[in-house]
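Full structure from sequences and hints, please.
Every letter in the sequence shown is one number past the one before it in my numbering, and letter 104, counting from 1, is 715.
Worth flagging that the hints you see were computed from the coordinates, not collected in a lab.
Glycine included, every Cβ here is placed at the ideal spot set by N, Cα and C.
There may be inaccurate statements among the hints.
[Claimed, not checked] Pairwise CB distance ranges, derived in the manner of DEER restraints:
1) Thr616 to Ile741: 20 to 30 Å
2) Pro736 to Gly637: 47 to 57 Å
3) Ile617 to Ser668: 16 to 26 Å
4) Ile625 to Pro658: 16 to 26 Å
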Amino acid sequence: DVDATILTTATTAINGAYRFTDVDPGTYNVTIQNNAGSRYTPISPDPVLVVLIAGHSVGADFIALPDGTVTGRGIPGSLVTLSSVAGQGEDETDLVLTTRVNSRGFYFFMDIDPGQYLITFTPPPGYTAIPSFLNVRCRRVAPPVPTSAV
612 DVDATILTTA TTAINGAYRF TDVDPGTYNV TIQNNAGSRY TPISPDPVLV
662 VLIAGHSVGA DFIALPDGTV TGRGIPGSLV TLSSVAGQGE DETDLVLTTR
712 VNSRGFYFFM DIDPGQYLIT FTPPPGYTAI PSFLNVRCRR VAPPVPTSAV
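This is how it looks when you write it as structure tokens:
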């Protein structure tokens, strides 16, 4: 409830779904907490305030990404390259992964080891890409949007 008293808990299924049953109507804070050994990090650990009305159901969705996730935004269809940095200059890299920005403008690289990486974009015509360096320590990393219109 809103007084921070834990009334009940639920464990998510493999697909992330969870359910509380036999809950009285009222206003509640729903929070997410990782168990020890979890490899997922909530994007926002803040509680979600829900109001349950008699005879109805209500949902509270949380987004959690696997540790070592690199995600960001870009121009849909752009090629994104994540390279590990072998030396000091941009030309001294070892290719790690490539992906494309999806139709909603997001890209994801998952299960990335800690280290320094270079993100480069191959944008569509009419755009210029600006490479970005980032350090993956642990948990998720969201670098700035490195693509701009010309």
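Hint check:
no.	hint	result
1	Thr616 to Ile741: 20 to 30 Å	49 Å, violated
2	Pro736 to Gly637: 47 to 57 Å	55 Å, holds
3	Ile617 to Ser668: 16 to 26 Å	20 Å, holds
4	Ile625 to Pro658: 16 to 26 Å	24 Å, holds
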